[in-house]
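**Student:** Model the full structure from these sequences, guided by the hints.
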Amino acid sequence: MENTIGKRVKEIRAELKMSQSQFAESIGVSKSLISLIELGRKNPSVETIDKIAKKGNVSIDYIMGRTDNKNSNENDTSEVKSELDNAVDRIEKLTEEQQRFIIKMLNGMVDNIED
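Per UniProt numbering, the very first residue in the sequence shown carries number 1; after that it's consecutive.
Accuracy of the hints is not assured; some may be wrong.
As the list claims (entries may be wrong) - Quick list of the computed label-pair ranges, beta carbon to beta carbon:
{"id": "1", "residue 1": "Arg90", "residue 2": "Val110", "range": "12 to 20 Å"}
{"id": "2", "residue 1": "Lys31", "residue 2": "Gly108", "range": "41 to 49 Å"}
{"id": "3", "residue 1": "Lys31", "residue 2": "Phe101", "range": "38 to 46 Å"}
{"id": "4", "residue 1": "Leu33", "residue 2": "Thr67", "range": "22 to 30 Å"}
{"id": "5", "residue 1": "Ile102", "residue 2": "Lys17", "range": "39 to 47 Å"}
{"id": "6", "residue 1": "Leu16", "residue 2": "Gln99", "range": "38 to 46 Å"}
{"id": "7", "residue 1": "Lys81", "residue 2": "Ser30", "range": "19 to 27 Å"}
{"id": "8", "residue 1": "Asp89", "residue 2": "Gln22", "range": "24 to 32 Å"}
{"id": "9", "residue 1": "Glu15", "residue 2": "Asp115", "range": "45 to 53 Å"}
{"id": "10", "residue 1": "Asp85", "residue 2": "Asn107", "range": "13 to 21 Å"}
{"id": "11", "residue 1": "Asn3", "residue 2": "Ser30", "range": "14 to 22 Å"}
The set of hints was computed from the structure by calculation and includes no laboratory data.
Here the structure is a predicted model, which means the values were calculated and not measured.
Every residue, glycine too, gets a C-beta built ideally from N, C-alpha and C.
**Tutor:** Next up, the structure:
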């Protein structure tokens with residue numbers, strides 16, 4: 001399995017001429033987390049990816065390997081994707097009954113918008 005995220009994080013950090021410690025401190029995470037991400041042993045949270053993207057002035061899609069364009073003008077879309085990912089993370093922590101309720105509500109709202 002390819003470690004696109006780790007490679008891109010390391011590349012961004014190198015372009016900023018920062019050590020793992022400096023980079024980690026600048027985005028508010030631990031050095032060990034940066035090391036694990038770069039080695040492909042840990043996937044960063046959506047929040048961490050967002051911080052890395054902002055620090056490196058690149059798109060979230062670039063870090064995720066969805067595009068090779070560092071400065072993709074899909075920022076609005078990426079921001080929406082990030083918010084959706086955050087919502088999904090929160091929903092996954094709920095009970096199955098609560099999840100089904102949310103899905104039912106979302107489907108109803110989407111149906112109303114489409115009409």
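**Student:** Measuring from beta carbon to beta carbon, are Asp89 and Gln22 in 24 to 32 Å?
**Tutor:** Cβ of Asp89 to Cβ of Gln22: about 28 Å, so the range 24 to 32 Å holds.
**Student:** A range of 45 to 53 Å was offered for this pair. Does it hold for the Cβ distance of Glu15 and Asp115?
**Tutor:** Since the Cβ atoms of Glu15 and Asp115 sit about 48 Å apart, the hinted range of 45 to 53 Å holds.
**Student:** Regarding Lys81 and Ser30, is the given constraint of 19 to 27 Å on their beta-carbon distance met?
**Tutor:** Since the Cβ atoms of Lys81 and Ser30 sit about 25 Å apart, the hinted range of 19 to 27 Å holds.
**Student:** Is it true that Lys31 and Phe101 lie within 38 to 46 Å of each other by Cβ?
**Tutor:** At roughly 41 Å between Cβ atoms, Phe101 and Lys31 fall inside 38 to 46 Å, so the hint holds.
**Student:** Cβ-Cβ distance between Asn3 and Ser30: within 14 to 22 Å?
**Tutor:** About 19 Å separates the Cβ atoms of Asn3 and Ser30, which means 14 to 22 Å holds.
**Student:** Lying within 22 to 30 Å: is that true of the beta-carbon distance Leu33 to Thr67?
**Tutor:** This hint holds: roughly 24 Å between Cβ atoms.
**Student:** Per the hint of 41 to 49 Å, is the separation of the Cβ atoms of Lys31 and Gly108 within bounds?
**Tutor:** With a Cβ separation near 46 Å, Lys31 and Gly108 satisfy 41 to 49 Å, so the hint holds.
**Student:** Between Ile102 and Lys17, does the beta-carbon spacing fit 39 to 47 Å?
**Tutor:** 45 Å, holds
**Student:** Can you let me know if the beta-carbon spacing of Asp85 and Asn107 is within 13 to 21 Å?
**Tutor:** 19 Å, holds
**Student:** Holds or violated: the 38 to 46 Å window for the beta-carbon distance between Leu16 and Gln99?
**Tutor:** Holds - the Cβ-Cβ distance for Leu16 and Gln99, about 40 Å, lies within 38 to 46 Å.
**Student:** Is 12 to 20 Å right for how far apart the beta carbons of Arg90 and Val110 are?
**Tutor:** Holds - the Cβ-Cβ distance for Arg90 and Val110, about 19 Å, lies within 12 to 20 Å.
The structure agrees with every numbered hint stated previously.
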